[in-house]
Structure formats: structure tokens, C-alpha cells
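**Student:** When the sequence shown is numbered by full-length UniProt numbering, its final residue is 93 and no position is left out of the sequence of numbers.
Bear in mind the hints are in silico, worked out from the structure with no lab data behind them. Hints may contain errors.
[Claimed, not checked] Computed list of lysine to aspartate or glutamate pairs in EDC-like fashion (alpha-carbon distance at most 20 Å, straight line):
id, residue 1, residue 2
1, Lys51, Asp68
2, Lys54, Glu69
3, Lys35, Glu23
4, Lys35, Asp48
5, Lys51, Glu69
6, Lys35, Glu15
[As the list claims (entries may be wrong)] Listed next, with one range per pair, are the computed distances between beta-carbon atoms:
id, residue 1, residue 2, range
7, Ala32, Met1, 27 to 37 Å
8, Ala22, Glu69, 27 to 37 Å
9, Ser53, Gly27, 30 to 40 Å
Each residue gets a CB set at the ideal place from its N, CA and C atoms; glycine is no exception.
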Amino acid sequence: MATATARHILVDSEEKCNELKAEIEAGADFAAVAKQHSSCPSGQSGGDLGKFSKGQMVKEFDDVVFTDELNTVHGPVKTQFGFHLLEITSRND
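Based on the provided sequences and hints, a complete structural model is requested.
**Tutor:** Here it is, written out as C-alpha cells:
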């Protein structure tokens with residue numbers, strides 16, 4: 001079964017998500033940005049979601065985490081919870 005590790009930042013608007021993505025792409029530390037801005041409890045641990053299997057997260061997460069490039073910031077990804085930036089840190093297909 002496919003598994004992955006990832007971290008994310010959850011915010012309430014696409015605009016804020018794009019602003020944070022630009023900060024990270026300009027050199028800001030993903031974990032520090034997550035701690036400061038993410039509304040998800042995982043923000044306190046730098047956005048770390050730990051290890052999970054395909055199907056454990058919402059479909060929009062799976063679509064990115066199990067197909068897109070590793071160690072790149074992806075998003076905004078819209079889910080029922082808000083807008084996310086995702087960074088896939090490892091994947092075992």
C-alpha cells in the first residue's frame with residue numbers, strides 16, 4: 001500500500017495561501033511559516049502530518065501527495081477545511 005509523509009499549512013483564503021507560498025519560495029522556512037499561520041493543530045509541529053496511507057486524507061490531498069513532485073511546495077489546494085500548501089517529504093509507492 002502506498003504511504004507518504006507530508007506537511008501542510010491551512011489557511012482560510014486562497015490569497016493568503018498564495019502569499020505564504022511566495023514567502024516560502026523566497027526562502028522562508030516552511031515549518032516556521034506553518035507555526036505562525038496554519039489554523040490546523042499540526043501547525044504547532046511545523047505542519048507535520050506524519051506518515052499516512054492513500055485514502056486516509058481527503059481526496060484533494062491524495063491527488064497531490066500520491067502523484068506530484070517531492071520536496072516542492074504545492075498549492076493552494078482547496079478542501080472542505082480551507083486552502084492548503086502541501087509539501088510531500090517522502091513517498092513509498
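**Student:** Take the hints in turn and mark each one as holding or not.
**Tutor:** Outcome of the hint check:
{"no.": "1", "hint": "Lys51 to Asp68", "verdict": "17 Å, holds"}
{"no.": "2", "hint": "Lys54 to Glu69", "verdict": "16 Å, holds"}
{"no.": "3", "hint": "Lys35 to Glu23", "verdict": "14 Å, holds"}
{"no.": "4", "hint": "Lys35 to Asp48", "verdict": "10 Å, holds"}
{"no.": "5", "hint": "Lys51 to Glu69", "verdict": "17 Å, holds"}
{"no.": "6", "hint": "Lys35 to Glu15", "verdict": "18 Å, holds"}
{"no.": "7", "hint": "Ala32 to Met1: 27 to 37 Å", "verdict": "33 Å, holds"}
{"no.": "8", "hint": "Ala22 to Glu69: 27 to 37 Å", "verdict": "18 Å, violated"}
{"no.": "9", "hint": "Ser53 to Gly27: 30 to 40 Å", "verdict": "33 Å, holds"}
Consistency with the previously given hints fails for number 8 only.
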